[in-house]
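Colleague: Here is what each chain is made of, one letter per residue.
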Amino acid sequence: MKSSGSKPILQAENLTKHYDGVQVVKGISFDVKKGEIFGILGPNGAGKTTTLEMLETMREIDGGKAIIAGIDVAKNQDKVKAIIGVQPQTPNFEEKTKLVELISFLASCYGEKVDAIELLKKVNLEEKANSYPENLSGGQRQRFSIATALVHGPKVFFLDEPTTGLDPQARRNLWDLVKEVRDSGITVVMTTHYMDEAEILCDRVAIMDEGKIIALDTPKKLIKNLLAKGFKKEQHVEQADLEDVFIDLTGKALRE
Amino acid sequence: MSDFRRAILPITTFVRIDVKRLFRDKVAIFFVFVFPLIFLLIFGSIFSGDNNVSFRVALFNESESEIATELENQMRENDFFQLDEDVTTAEQAEEKMSRGQLDATIVLPAEFGTVAEGQQNPSGNLDITYNQSNENAGQTLASVMNSVMAEINNQFVDTSVPFTVTASSTDTQGLSQFDYTFSGILGFTLLSLGIFGPTTVFPRLKQRGVLRRYKATTLKIWQFFTGNVLSNAFVGLIALVIMFAAAVLIFDLNMRGSYLNLAIVVTLGTILLFGIGLAIGGWAKNENQAAPISQLVTLPMMFLSGVFFPVFLMPEILQNITRFIPLTPIIDSIRLVITENASLLDLGSELGIILGWTVVVYLVAFKVFRWE
Chain A
396 MKSSGSKPIL QAENLTKHYD GVQVVKGISF DVKKGEIFGI LGPNGAGKTT
446 TLEMLETMRE IDGGKAIIAG IDVAKNQDKV KAIIGVQPQT PNFEEKTKLV
496 ELISFLASCY GEKVDAIELL KKVNLEEKAN SYPENLSGGQ RQRFSIATAL
546 VHGPKVFFLD EPTTGLDPQA RRNLWDLVKE VRDSGITVVM TTHYMDEAEI
596 LCDRVAIMDE GKIIALDTPK KLIKNLLAKG FKKEQHVEQA DLEDVFIDLT
646 GKALRE
Chain B
74 MSDFRRAILP ITTFVRIDVK RLFRDKVAIF FVFVFPLIFL LIFGSIFSGD
124 NNVSFRVALF NESESEIATE LENQMRENDF FQLDEDVTTA EQAEEKMSRG
174 QLDATIVLPA EFGTVAEGQQ NPSGNLDITY NQSNENAGQT LASVMNSVMA
224 EINNQFVDTS VPFTVTASST DTQGLSQFDY TFSGILGFTL LSLGIFGPTT
274 VFPRLKQRGV LRRYKATTLK IWQFFTGNVL SNAFVGLIAL VIMFAAAVLI
324 FDLNMRGSYL NLAIVVTLGT ILLFGIGLAI GGWAKNENQA APISQLVTLP
374 MMFLSGVFFP VFLMPEILQN ITRFIPLTPI IDSIRLVITE NASLLDLGSE
424 LGIILGWTVV VYLVAFKVFR WE
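Top to bottom, those sequences are chains A and B. Residue 396 is where the first sequence starts when you use my numbering, and the numbers rise one by one after that. Residue 74 is where the second sequence starts when you use my numbering, and the numbers rise one by one after that.
Note that these hints are calculated values from the structure, not bench results. Glycine residues also receive a C-beta, built at the ideal position from the N, C-alpha and C atoms. Hints may be right or wrong, so weigh each one.
Claimed, not checked - A short, non-exhaustive set of chain B residues, derived as facing chain A with CB atoms under 10 Å:
| id | residue |
| --- | --- |
| 1 | 286 |
| 2 | 291 |
| 3 | 388 |
What the hints assert, rightly or not - Capping the alpha-carbon separation at 20 Å, the derived lysine-lysine pairs in PhoX-like fashion look like this:
| id | chain 1 | residue 1 | chain 2 | residue 2 |
| --- | --- | --- | --- | --- |
| 4 | A | 460 | A | 474 |
| 5 | A | 508 | B | 293 |
| 6 | B | 293 | A | 491 |
| 7 | A | 493 | B | 99 |
| 8 | A | 493 | A | 516 |
| 9 | B | 288 | A | 474 |
| 10 | B | 293 | B | 440 |
| 11 | A | 470 | B | 169 |
| 12 | A | 523 | B | 93 |
| 13 | A | 493 | B | 93 |
| 14 | B | 293 | A | 474 |
| 15 | A | 402 | A | 429 |
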């Protein structure tokens with residue numbers, strides 16, 4: 396992570412969005428630092444996906460301002476699209492199309508030619524190069540979707556609930572992949588409603604509820620603040636939980 | 074890479090992948106290549122050859138005159154009549170006619186062909202009965218028999234007829250009805266390729282969020298459209314080649330015109346019809362929205378463009394409308410190229426209407442397109 400003094404790569408100022416007169420995002424502001432994994436947490440319906448989609452140019456910004464790498468999102472949609480990568484909640488691709496073909500088409504959408512096999516290697520799918528997306532497992536599909544989002548070398552990468560519905564092995568594998576993406580210098584903004592995921596993965600998190608950000612800090616700091624208020628868990632925390640048992644018994648290796 | 078090459082890269086990449094994708098999809102192959110062939114075989118065998126019309130007739134020859142016997146033999150040998158030998162009584166004939174198994178009953182009465190008292194020449198009256206539900210066949214038969222009788226009369230009475238009609242086909246090089254029908258079949262194929270394809274595929278892709286994924290990239294609508302149009306035009310030309318080969322090999326299609334002109338006309342037609350499908354499928358959010366509209370657009374076009382019955386049989390108002398329906402100039406120009414070796418200049422007004430529609434249709438398609 397760069398020092399907190401450097402200029403943020405993404406600035407959201409007072410963003411609002413309403414559907415049919417109901418305000419679902421109520422004037423939220425936050426900065427994302429270059430090279431961090433920024434998490435947007437919250438229960439279903441909190442406005443996480445809507446916020447993400449406004450930043451991705453996929454939804455119109457009703458009020459407020461968003462700036463990514465110095466570019467105004469609302470005014471320069473194409474310039475923003477060229478420097479961001481997008482991972483939708485449920486990635487779907489055209490059927491009967493080889494993974495290498497999908498990658499070269501998505502790269503061509505940005506006017507780029509890429510080495511598709513090289514990209515597939517990065518997400519550990521090179522042996523699936525000639526498979527069709529409908530024959531991939533859930534985890535493989537998420538990994539493939541990440542590869543397609545990185546075809547044009549974006550500066551910021553948005554992921555919407557990337558591990559929903561995945562088994563523990565696939566989740567861990569995806570976490571490693573997201574960390575690798577961050578370590579390669581790409582800023583990551585992701586939504587999730589899994590707290591363990593946010594705690595392990597995110598450098599900083601914003602917690603949203605009912606269209607507002609109600610807390611924003613590093614996971615450690617947020618926990619510290621809660622404990623400082625005198626919070627105590629009712630039960631003594633075990634040194635392991637059922638997921639640890641599951642991973643211990645079944646191993647970390649991917650099953651697909 | 075230059076800006077231009079970057080701009081056409083998604084188009085060329087899409088066409089390459091989209092054509093491969095089609096050939097991997099058995100269902101698509103069936104609908105694009107096999108189904109039109111089946112359609113061609115069915116309609117082709119109905120309309121192939123020009124002397125294939127025949128009538129199923131029960132003949133009761135009650136006369137023993139030479140003329141009656143000769144007439145019966147003639148009818149038995151002529152392909153125009155299919156004599157039903159199973160029918161022996163008038164009741165049977167009537168029943169078969171009411172069930173549509175017979176077109177008509179012809180009776181040569183006992184006195185037919187005999188010389189009546191006080192007359193020099195033989196005479197007689199031939200009875201044709203037919204069911205009311207089969208009036209067309211009955212009346213056609215009656216007029217055919219009338220001219221047969223007139224011919225016989227000429228043998229006996231030497232008269233000079235002041236007014237006569239000579240009917241002959243304008244085309245002396247022997248065009249079969251199939252040559253005319255083929256352009257309609259081809260037009261229908263282009264219509265189903267162009268409209269049923271995108272109106273089912275695009276809404277399905279939208280519902281799965283596939284097009285939304287493209288919206289997140291810098292892909293422009295015009296690039297996406299161009300890629301789709303080119304890949305569809307390419308597939309349309311392949312379908313044309315297959316159908317053309319079948320038409321020539323199986324139905325002896327008589328190709329008079331230039332293959333280049335035919336390819337140009339078919340390509341322009343494909344682009345226009347695909348634009349209609351693109352407008353509907355690009356607008357519709359799901360198949361429930363797309364299906365009724367594509368029916369609403371295609372059905373009138375199929376029936377009013379002369380695919381299934383000739384335009385000249387329609388009321389005059391409809392004929393005037395018909396001329397301006399997108400499918401009509403496509404079918405007309407295909408037919409004119411095949412049967413009359415029309416040049417692109419000859420087809421000026423047809424091509425003008427096609428191009429006009431193309432501009433309108435694509436403007437609408439751009440306007441209403443939605444990625445999701």
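Colleague: Please go over all the hints and tell whether each is borne out by the structure.
Modeller: Here's how the hints hold up against the structure:
1. 286: Holds, about 6 Å.
2. 291: With Cβ-Cβ at 5 Å, under 10 Å, it holds.
3. 388: Violated: closest Cβ of chain A sits about 46 Å from residue 388 (chain B), beyond 10 Å.
4. A:460 to A:474: holds, 16 Å
5. A:508 to B:293: holds, 17 Å
6. B:293 to A:491: Since the Cα atoms of residue 293 (chain B) and residue 491 (chain A) sit roughly 23 Å apart, the hinted pair is violated (cutoff 20 Å).
7. A:493 to B:99: Measuring from Cα to Cα gives roughly 16 Å; hence the hint holds.
8. A:493 to A:516: Holds - the C-alpha atoms of residue 516 (chain A) and residue 493 (chain A) are around 15 Å apart, at most 20 Å.
9. B:288 to A:474: holds, 13 Å
10. B:293 to B:440: Since the Cα atoms of residue 293 (chain B) and residue 440 (chain B) sit roughly 13 Å apart, the hinted pair holds (cutoff 20 Å).
11. A:470 to B:169: Not OK: residue 470 (chain A) and residue 169 (chain B) at ~79 Å, beyond 20 Å, violated.
12. A:523 to B:93: holds, 18 Å
13. A:493 to B:93: holds, 10 Å
14. B:293 to A:474: holds, 13 Å
15. A:402 to A:429: holds, 8 Å
The structure is inconsistent with the numbered hints 3, 6 and 11, although it conforms to all the rest.
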